[in-house]
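Visitor: Residues per chain are reported as follows:
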Amino acid sequence: MEPQTDTRTGAAPEPAAALAAGQVSRWTRLSAGFTGGLGVVVLLLALVPVAMGATLVQDLTTLLILVLMATMWNALAGYGGLVSVGLQAYIGLGAYATVWFSLQGVDPYWGMVLATLFCAVVALPLSFLVLRFRGAQFAIGTWVVAEAIGIYVGLDNQLGAGTGISLVQLDSYATSTREHITYWLTLALTTFFSVIVFMLLRGRLGASLQAIRDDEQAAASVGVRVVSAKRILFILASAGCGAAGAMTAANILFVQPTAIFSVNYSAFMIFMVLVGGIGTFEGPIVGAVILYFIQQQFGNDGTWYLIGLGAVAILFAVFLPRGLWGLLEERTGLRFMPLGYRVRRRARELR
Amino acid sequence: MLVATGVRRDFGALAALDGVDLRIDAGDAVGIVGPNGAGKTTLLNVLAGTILPSAGSVSFKGQDVTRARADARARMGIGRAHQIPRPFGGMTVFENCFVGASTGGGLRRRAAYERCLTVLEMSGLAELADRRADTLGLLERKRLELARALATNPELLLLDEIGAGLTDAESAQLVTLIQELNRRDGIAVVWIEHIVHVLVQVVERLVCMVSGRVLADGEPKAVLADKRVVDAYLGSAAA
Ligand SMILES: Nc1ncnc2c1ncn2[C@@H]1O[C@H](COP(=O)(O)OP(=O)(O)OP(=O)(O)O)[C@@H](O)[C@H]1O
Ligand SMILES: [Mg+2]
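These protein sequences, in sequence, are chains Z and B. According to the numbering used here, the first sequence is numbered sequentially starting from 134. According to the numbering used here, the second sequence is numbered sequentially starting from 55.
Treat the hints as calculated values from the structure; they're not laboratory data. Ideal Cβ placement from N, Cα and C applies to all residues, glycine included. It is possible that some hints are incorrect.
Covered by chain B, per the in silico footprint, the following chain Z stretches (three or more residues, Cβ under 8 Å) [to be verified]: (1) 342-349; (2) 363-369; (3) 465-477.
Under the rule of at most 25 Å between Cα atoms (straight-line distance), these lysine to any residue pairs were calculated in the SDA-like manner [to be verified]: (4) K115/B <-> D75/B; (5) K115/B <-> V359/Z; (6) K281/B <-> K115/B; (7) K115/B <-> K275/B; (8) K115/B <-> Q350/Z; (9) K281/B <-> A226/B; (10) K115/B <-> M470/Z.
Please construct the entire structure, taking both the sequences and the accompanying hints into account.
Guide: What follows is the structure, encoded as structure tokens:
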């Protein structure tokens, strides 16, 4: 390791021979294997439409959308400390932007990609509004914004107003082709956003974001640009949820304002992340799989169903705050993703 | 290097700082003493940018920073250890320092690693590098405050009661460390501490604050002998 150069003061570097006795590692054999394994899973998933039937393809599309939503909510809350109850704003906007682009004659699949970008663009100015808020204020503030956008979209007759609108443009594809493309695009977007989150967390910004989550004022006191770090994360999560909304439109072929802007999406995201493990990369995936099976079993709606989900999420928050994956990591002492830093102490005389 | 002029800070009807003037030059070692509630921490908050003054101005390295945000000041070279430790609980001890080195210190990855390992070794936390910070005890948290501030590579170090609760041997170590940082590395130090006999081993200047004002500022012996200081602070604290 090269000696540390003191860029600002020009003061002599510490006598490293006596002091810096360690080595910082990030990859372990386990994390390399696990990360590689995830890569293989993605490749296998890409082959599913070729090998398997239509039902599985559709089911997996639904599951992947849940994974994407959970990953985005976790990035925001679990790594940035920004607990939002309003990400459905971007789910709805992503879906409706897809419809709008299709109405303009854009191929609907390109429309989905554009809708994702559109959500990032919308999130930028909105971030100046909502990032003024902290804690519960932020949660409620984002919800209010989501409701407002939902109401506004529901007034647009061109977009079907309150009754909703079908994504008829997808009819130009044969059913199985459509299902396959929808699946592949969902897989691509979910993978894309997961990789972005992974790289973000591994980078310097990841450490800064976790610092903000743990203590915003202390983070500022060591030099973290608090607001811009939050903004980057907020825009990323908005774009990711926009993609999830666009793919939802493609998956169910119909969007209706109260459904697609429903706060239920926030309930689902919170459930998946709290149960799977907030602040872990893998937790949201675990939570998404669990929610998926619950939805298969008990349907997707109804007051009691939602109350049940909420109750379970609260129980987890109180009794198992790091979720199932956090429990696994705690019990085994293992880290499966190379997101942290490990220090190996080195014998002093080695330098 | 740091000049505070006429600094005032009101909390409602209370004037926590009531017209403070303070000048710190490069390489200075200045102690601040004063009874509880004198406004010492509030002064540090104003200098670090954690809170803004109600009136008065602060400049650092010739630049007016009165309204500059705390993170900007940290990047300019002000490091700060909090009286009540504020670790990043969900991160390891090493990662706590890494945040400081990579943002406030502006160091690239390799250099940041080296910096963190160095400051952890210096502050006696090397063994605990991989521990989650929320599992640390109070004294270890205080060390982490110091280590994390040092990781930002500061030119001015603001320390708030990092020596409270130490054994004699531990405070002797701390004195040696702060002396080294000040004399060898040339870091200016402002150190708030109630344990005056520890403080005077390090500082060349002592400031006594009472009720938001600077009561005395000068050579430690002279300040400690000052009748007003004895009456307002030393008498009550019996230090
Ligand atoms: N955020 C705040 N809101 C209201 N009052 C405050 C705030 N911070 C400090 N004060 C008040 O300002 C006064 C000065 O407090 P400060 O913490 O600066 O004292 P101190 O000299 O550091 O005392 P100690 O030796 O106990 O740490 C106290 O009366 C305190 O109650
Ligand atoms: Mg104080």
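Visitor: For every hint, state whether the structure bears it out.
Guide: Right, here's what the structure says about each hint:
{"no.": "1", "hint": "342-349", "result": "holds (count 5)"}
{"no.": "2", "hint": "363-369", "result": "violated (count 0)"}
{"no.": "3", "hint": "465-477", "result": "holds (count 4)"}
{"no.": "4", "hint": "K115/B <-> D75/B", "result": "holds (16 Å)"}
{"no.": "5", "hint": "K115/B <-> V359/Z", "result": "holds (23 Å)"}
{"no.": "6", "hint": "K281/B <-> K115/B", "result": "violated (34 Å)"}
{"no.": "7", "hint": "K115/B <-> K275/B", "result": "violated (29 Å)"}
{"no.": "8", "hint": "K115/B <-> Q350/Z", "result": "holds (23 Å)"}
{"no.": "9", "hint": "K281/B <-> A226/B", "result": "violated (29 Å)"}
{"no.": "10", "hint": "K115/B <-> M470/Z", "result": "violated (43 Å)"}
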